[in-house]
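As given, the protein sequences belong to chains F and L, one line each in that order. FYI, numbering that gives the first Met the number 0 numbers position 285 of the first sequence as 284, with every residue one higher than the one before it. FYI, numbering that gives the first Met the number 0 numbers position 206 of the second sequence as 205, with every residue one higher than the one before it.
Derived Cβ-Cβ restraints for the label pairs, each shown as a range: (1) L:G122 / F:Q148: 19 to 29 Å; (2) F:V27 / L:R87: 32 to 42 Å; (3) F:Q148 / L:V156: 32 to 42 Å; (4) L:G163 / F:L327: 27 to 37 Å; (5) L:G115 / F:A150: 20 to 30 Å; (6) L:I112 / F:V183: 37 to 47 Å; (7) L:I284 / F:I116: 27 to 37 Å; (8) F:N223 / L:S254: 42 to 52 Å; (9) F:Y96 / L:F135: 52 to 62 Å.
Quick caveat, the hints were computed from the structure, so don't treat them as lab data. Computed from a predicted model, the values in this text were never measured in an experiment. In this text, a Cβ means the ideal position worked out from N, Cα and C, and glycines have one as well.
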Amino acid sequence: MTLSRIFKRLEGPQTMGKGPLFWTAFAVVLAIALAYPLFADGYDVGNNIYFLNWTFMALGLSIIWGYGGSLSFGQTAFFGVAGYSYGILTINFGTAYGLGVVAVLMAIAIAALFAAILGYFLFFGRISGIFLGIVTLSVTLALERFMAQTAGPQWTVGSARLNGFNGMSGMPPLTLPWFGGDIVLYPDIGLYYLVLGLLVIIYLGLRILVNSKFGNVLVAVRENPERAEMLGYDIRKYQLGGFVIGAALAGLSGALYTSWGQYITPSSMGITSAALPIIWVAVGGRSDITATLIGTLIVLSGFQALTIYGSQYALVVMGLLLVCTVLLAPKGLVANAGILLGSLFNRKNGSA
Amino acid sequence: MDFVTTLVSSAYQFGDAFAFLVLSACGLAVIFGMMGVINLAHGEFIMCGAYMTVFAVNWGLPLPLAIFVGSLFTGLVGMVIERLVVRRLYSRPLDSILATWGVSLIASQGTLILFGPTMRGVGTPLGSFMVGSLSFSYYRLVLMATAIAVLLLLYLVFNKTRFGVLARATIQAPHMASALGVDTNRIYTLTFGIGAALAGLTGGIYAPTMTMIPTMGTTFIMEAFVTVVVGGADVFIGTAPAAVLLAVVKASLTSWQGQLAGQIGLLLAVIITIRLLPKGVTGFILKGRV
Chain F
0 MTLSRIFKRL EGPQTMGKGP LFWTAFAVVL AIALAYPLFA DGYDVGNNIY
50 FLNWTFMALG LSIIWGYGGS LSFGQTAFFG VAGYSYGILT INFGTAYGLG
100 VVAVLMAIAI AALFAAILGY FLFFGRISGI FLGIVTLSVT LALERFMAQT
150 AGPQWTVGSA RLNGFNGMSG MPPLTLPWFG GDIVLYPDIG LYYLVLGLLV
200 IIYLGLRILV NSKFGNVLVA VRENPERAEM LGYDIRKYQL GGFVIGAALA
250 GLSGALYTSW GQYITPSSMG ITSAALPIIW VAVGGRSDIT ATLIGTLIVL
300 SGFQALTIYG SQYALVVMGL LLVCTVLLAP KGLVANAGIL LGSLFNRKNG
350 SA
Chain L
0 MDFVTTLVSS AYQFGDAFAF LVLSACGLAV IFGMMGVINL AHGEFIMCGA
50 YMTVFAVNWG LPLPLAIFVG SLFTGLVGMV IERLVVRRLY SRPLDSILAT
100 WGVSLIASQG TLILFGPTMR GVGTPLGSFM VGSLSFSYYR LVLMATAIAV
150 LLLLYLVFNK TRFGVLARAT IQAPHMASAL GVDTNRIYTL TFGIGAALAG
200 LTGGIYAPTM TMIPTMGTTF IMEAFVTVVV GGADVFIGTA PAAVLLAVVK
250 ASLTSWQGQL AGQIGLLLAV IITIRLLPKG VTGFILKGRV
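Just chain F, with the same shape it has in the complex (with noise of 0.2 Å):
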């Protein structure tokens, strides 16, 4: 009885994906991710968590852009912002009785805190489609620039340095605690699974999210702002929330990916790695949050294959593909599949 009440908050209008045949076929990619590590190295488990590091922040664009309707190139941002607040917190006050954990929920809060300040002028302004990008992206590029002149031994924040462009290394990996001793979650099959956790329990929430009544009325504000207003709802106090969401599930992937690597360059900010994201989530399908996260993943592990020839020419295969997919496919290309699989089978079955 609940649990089909759970299942009934899951579906709904916003999400792809329904019916007995998509939880089964969850279940198997599930389960298939759950069994990697028993036929894997520790090392290439500890290496594949890259991968799932970056889907946080695609989903969050996903959010902002796909369901909010306002394209924000200010993710990278966000996820600088968390990763070097992970390293500075870690480094002056270790990780042990549960600070690590601590660390992670700070980083993501000041992220999501930016965020909040930076979309209350953006939202409140009425700043909306190309201006909204391009705040948004210079935001990004000046927080590249200005960390990247933090070589100096006066910036330093503790005992933290922030060796500009350089990058700042040597923050602990995250430890959780735990009776008997703190367990320090190195890149291997523990950090892995705790990952892929957060994943799917972010997965689902964010299904639900987007079905409830916030995400219908962000969605209303993506079809027609004027509309939405003319319904009553204030569409800033939506379109910031979205914002905010988003920017927070970047800050995840940012702490994440510097406990991860131990590192964090302001280069993760500059203006190669914010495209990255966008076409992520461009080329999966930006409305939908299960084409987003399959496409991320996709697309990042073609980038990697790739980046054996060299990363440059990696990185005009991305141009390419996002060119492509604009003019193509502009609903995204895993999305599209998504919509001919679901009709392919509607047909068959003669129901929905």
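Once you have looked at the hints, place chain L on chain F.
Frame of chain F; chain L shown alone:
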């Protein structure tokens, strides 16, 4: 430092900031103001102009002619990109941002593959002069003069020529213009080409003062964005006053706290401006007239 030196130095810094803002933004502003498209490949157009200028100098052309060649070449590249990509996206301005970003990635990484991480540039010509104990570069004065000349030229082209009249007609009422026999597609291509050529000019004229790297365009784009956002849609009553305003902010903060403070000051100025004047200086000046 006596009074005259301080005055000259402040004016010089203001002029330098003004020239940089105007020249960074003019290409972007023409394309945005006339077509509503933000061209994220703007920085790469600037880079293209700079590279072409350096190539032309290496072939033996004198610098002014080389800059002209760089600008012309960039304009042609711009027209090709308009034909291939931007043309299909006029009804979807957000998608045109994305597509031009894709173009920008391809261009900057392609340049990296073709010409390597850095290229030998050309030296800054013309030398310098002294006021009091401070030394100033003549070439910076040329940049300031160019900025003003570009603004004047744009005014003349869009207000006094047949092309300008047709272009403004196309912007205001595309269907009416095309019903009256204007080839609107050609106008769009030419306007985009002019914007790209202006970016190429900026690249060419700044090439002697910069290191030639494939990402050199990013030095300009933040300033370009900021100026266009503060200015709003119109090049003359928007971009020019916005550049004056921002140049004051940038020059004073830069001389007080350094380059970075200048840039952050610009950004804060933008965020405050859009909160107060969502349509930029253009909207403020045209208030009550539209």
